[in-house]
Amino acid sequence: MEKKSRRSFVKALGVSIGAAGVVGGSSILNSCTQVASTNSDTITLLTSSGELMKVDKSQLKPADLPSLSENQKRGREGLPGRKFVMVIDLSKCRNARQCMKACQNHHQLRPEQHHINVLQMQDAENTAPYYMPKPCQHCDNPPCTKVCPVNATFKREDGIVLIDNERCIGCRFCIAACPYSARVFNWFEPRDAEKYEGVTYNIEANVPQKKGTISKCLFSADRLRDGKLPSCVSACPNGVYWFGDQNEDAVTNGTTHETTSFSKLIKDNAAYTLMEELGTKPRVYYLPPKDRAFPFQGEIDQHHS
Amino acid sequence: MKKQIILTLVIALMSVFQGLAQEWLVPDDQKTLTNPSEYNLSNVKKGKDLYMKNCKSCHGDPGKHNGLPLVPAPPDVVSEKMQNNTDGELHYKITKGRGGMPQFEITISDDDRWRLINFIRNFDPSREQLLVDAPPKKAKLLASVNEVEKKVEIFAEVEDANGSFVTLTDAAVKISAKKAFGNLPIGEVLTNADGRAEYKIPETLIGDENGMVNIVVQLDEAYITDNVVLDAAKVGQLKPQPKLIKKEILWSTNENIQTWLLLSYLGAVGAAWAAIAYVVFQIFKIWRLGKE
Amino acid sequence: MDKVKSPEESRKLLDKITFDLTRSIVKRDEFTNFWYFLLIIFALVGLWGWGIQIRDGLGVTGMRDYVSWGMYIANFVFFVAVSLIGFLISSALHLLKIKWSKVISRVAEQVAIAAVALAGIIIVTDMGRPDRFLNVFLHGRFASPIIWDVTVVTTYLTISVLLYYLPLIPDLALLRDKGTDDIPQWKRNIYRILALGWKGHAEQYKLIAHAMRILMILIIPVGLSIHTVTSWLFAATLRSGWDTTIFGPYFVAGAFVAGVAAVIIVMFLYRTRYGLKDYFEDYHFNMMGKLFVLVCLVYLYFNINEFLVPGYKMKTAESIHLSNLFTGKYSTMFWATQFFGLLLPITLMVNKYFRKPVPITIISVFVLIASWFKRYIIVIPTLEHPFLPVQNVPENFQHYAPTSIEIMITVFSFMAALLIITVLAKMFPVITIWEYAEEKGISREIISEPKK
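Chains as they are written, first to last, in the working numbering: chain A, 4 to 308; chain B, 399 to 690; chain C, 88 to 539.
What the hints contain is simulated information worked out from the structure, not anything from laboratory work.
Any given hint could be a false lead.
Under 7 Å between C-beta atoms, here's a sample of chain C residues computed to sit facing chain B [claimed, not checked]:
(1) 245
(2) 288
(3) 290
(4) 291
(5) 292
(6) 298
(7) 301
(8) 302
(9) 305
Calculated lysine-lysine pairs in the DSBU-like style (CA-CA distance at most 30 Å, straight line) [to be verified]:
(10) B/632 to A/270
(11) B/683 to A/267
(12) A/293 to B/451
(13) B/549 to A/270
(14) C/114 to C/443
(15) A/267 to B/454
(16) A/231 to B/451
(17) A/76 to A/270
(18) A/270 to B/572
(19) C/189 to B/683
(20) B/683 to C/184
Given the structure is predicted, the values throughout are model-derived calculations rather than measurements.
For glycine and all other residues, C-beta sits at the position ideal for the given N, C-alpha and C.
Put together the whole structure using the sequences plus the hints.
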């Protein structure tokens, strides 16, 4: 009995390790999850960037890790008063793919699974090609949640379209419904499944991923709850992403941490949304790739419409 | 065996070359270009403005070595790595960019790019420094929010040569509002002869759902001081919270299902199964008749 | 109805009819055993494949994030399509008082039951988490076309079973009372239970007629729904090739074509295997052939609409989809389905000669195969061309090719459907004896009198 209670105490430990190393503001030791405890005074933690690290127990403070049902409940409610919005400045993207990397580490994705995918685009034959990071658009008229047969994917009041992997039956109707190809499926056992074994499922990160269910970009809802910017936004070295709360009309750049007025930013730069003609009302805005900071170096392939 | 050694050698050599390839080579004709823009205070000042706008976010403040931790690291302006470049090399690199370094060919005019180089040369030890930033002084900043008049009242002091604090005059004070992920700059005021300043909070400022705003007040980089983060005060507009999930909306969960849809569904299913149940009842009647 | 016969004549005729129509129940030779063996082996191989799929995940299929629906869904649509024939023949034609279709009713219901049951099973094989199937009922979201589909499929299956069972009751009683000793005892026990103590009262006949009529009317909206809702699984999305308003009727029309072909094949097999030349007459094939031409013409009309209208405008995404079908990767399959599935049956079967049993059955085989590929072509090419480019993924994400597991499970579905049809044919008469006897002028008293 005593042994058990000690174990559960260790499990409840989490976050808050003072002054961990920072690279590009991306891989801060946040929301670590314990994966194994050893006999000594150190325990092994899984960082949100998907790395295992040993930490001295004395460095850990108990953190608020809710139970699964509690997590699912608050995950469905969202963050009160917020309406999250993302602005992607296409003129700044140089295809560095730090966003994709940080995202895949955070959300336990295999190399071919992209919650955010940097696409090489060309709108018409003679127009300039450009790089376009494409996360889930978190539509305000989401075609994906419309079709879900079991309420497994849903939209929260704070604008985020989320997935409950404990509910999803894997029918993939939402993939068919999404015009942005934003959704991925766990066709196999997820990446590093054994590493994540026993980790409590977090609906706001879709971690651990579950075989046979859907996943997609969630604006790193777990990080937002901690007041942090999404993984991709923080990881970008080029100032491509602005992220914030539309209600308070402010967005913050993930690279420079500069904050600006959202409405002014999208007005001054003639922002647009992707395929607005479909009526999906995305929450992701794009600033046109004008005056580009980096030359396009990719190869445009015509395998798309 | 021999093949393996050769292979290892080749790989080793390749990695050496890769290391060399990281040197940023500039075409010879570009290297030797001279700066057509005169090295004078006006041009250096203009260059500084350009630097603050376009370069600081990665390269950091000159001399502070606080650039972004990227790979390769963006060098500080004062560093040898930066200053060892010829004017022509700097110009080429700013113009074309490479890797994480953007190209400024389109976004900054050629004249301005040369001015930017003048600013960089301001930190060249072999040149006379035209634009000298005074060493930062210790300062104290006090501020409070007047909720009634919706203004921020500021008082600033600076440490003088004797180590005592005297009023700070004509200093720029930046005022921002705390937002979800950062501080949104909303204005700037100068302190008066008494070291005081008042800032009228714009009507359009949005607070939280109760109109509460955390005002942040800071002095510019010439002073060492802590930013003052004021307690939330009711000086902003109420944050609009338009309802996203309407009471009856097609894309939401069962809780928000449209009445007409639910009734149509249940009505159709109910009718069909009632008819089926009726037929089953007829079968039951057939069975009962058979027993008679 | 033929002229009233004398009781002796009637009894003799009824005996003959009963003898002929129970041949399928009695007959058990080497071929029967071999046929069962074949079906069960293939079905087991498919189940084994399904086991592998459950163990390793849906990754064992050729589906990936872009083409996320493949052969299973195409096959599902095919089976739903075939099942619709039950609605057409045993309800629509009956209500229109078309007499020749009565003989075929039970065949149509057999096909419908087998097809709709398999459609339900196939959709489970396509699920990423079949273990969570109950979520559909526990957490069903009423605004989702999948929930509508699950609802109509179960409703349609129930109605089809009832439509099959109700006219069977007097037959079961007849076999219970007059069945010869060569019918195995266990089958006769089943008949006794299922006959519900049928005595042939006028009241009982009335109840059957009443219940049948309700079912026939009920199955019209349900039958139309089952295929319309299935089409909405595609039409409710924004994808080019699926985003069209005529998908409902287009699918319904296509379903009739597939269903008529399936019924003709089964009819022909019964006719030859169970010696029912005098029951499934050339006349019935001829009439089915005419019906076939009619439904093909309707389907052709919808096909013209479906391809000509977007082809005229050539919107960006549509044009990629259409050129892919007309001249691209899927052109061979596309033109083959149009040729064998539509043009061939229409042009040949306007000629009387081709409506004879053998030619019409051969044509039906072609049409049925074409119908299956037609569903494949509706599902896959659209998914291969999403709006945004497919990038930064392995090559096999860009194109779909079914794997052996998918083929195994698909073959399983065919075998399981045939198994259901076979078992039904082996258990119960393939034509409604009492109705047929009545048509021949045998009175109800004689039909329901006990064995001498």
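Results of checking the hints against the structure:
About 6 Å separates the beta-carbon of residue 245 of chain C from the nearest beta-carbon of chain B, less than 7 Å, and the hint is met. Hint status for residue 288 of chain C: holds, given a least beta-carbon distance of 6 Å to chain B, under 7 Å. Taken as an interface hint, residue 290 of chain C checks out: its beta carbon lies about 6 Å from the nearest beta carbon of chain B, inside 7 Å. This hint holds: residue 291 of chain C has a C-beta 5 Å from the nearest C-beta of chain B, less than the 7 Å allowed.
Because the beta carbon of residue 292 of chain C sits about 9 Å from the nearest beta carbon in chain B, more than 7 Å, this interface hint is broken. Interface restraint check for residue 298 of chain C: the shortest CB-CB distance to chain B comes to about 4 Å, inside 7 Å, so the restraint holds. The closest approach between the C-beta of residue 301 of chain C and any C-beta of chain B is roughly 6 Å, which is under the 7 Å cut-off, so the hint is satisfied. Annotation: interface hint on residue 302 of chain C holds; nearest CB of chain B at approximately 6 Å, less than 7 Å.
Using the Cβ-Cβ criterion of 7 Å, the hint placing residue 305 of chain C at the interface with chain B is satisfied: the shortest such distance is roughly 5 Å. Only pairs whose Cα atoms come within 30 Å are accepted, and residue 632 of chain B paired with residue 270 of chain A is accepted, the gap being roughly 28 Å. Only pairs whose Cα atoms come within 30 Å are accepted, and residue 683 of chain B paired with residue 267 of chain A is rejected, the gap being roughly 75 Å. Among the hinted pairs, residue 293 of chain A with residue 451 of chain B is consistent with the structure: their alpha-carbon atoms are about 18 Å apart, no more than 30 Å.
The hinted pair formed by residue 549 of chain B and residue 270 of chain A meets the criterion: a straight-line CA distance of about 28 Å does not exceed 30 Å. Simply put, residue 114 of chain C and residue 443 of chain C have alpha-carbon atoms about 26 Å apart, close enough for the 30 Å limit, and the pair holds. Under the criterion of a C-alpha separation no larger than 30 Å, the hint pairing residue 267 of chain A with residue 454 of chain B is consistent with the structure, at around 22 Å. Between residue 231 of chain A and residue 451 of chain B the CA atoms are separated by roughly 25 Å; this keeps the pair inside 30 Å, and the hint holds.
Under the criterion of a C-alpha separation no larger than 30 Å, the hint pairing residue 76 of chain A with residue 270 of chain A is inconsistent with the structure, at around 37 Å. Of the pairs offered as hints, the one joining residue 270 of chain A and residue 572 of chain B holds, with about 24 Å between alpha carbons and a cut-off of 30 Å not exceeded. Taken as a hint, the residue 189 of chain C and residue 683 of chain B pair is honoured in the structure, with Cα atoms around 25 Å apart against an allowance of 30 Å. Between residue 683 of chain B and residue 184 of chain C, the direct Cα distance comes to roughly 27 Å. Compliance with the 30 Å bound is thereby established for this hinted pair.
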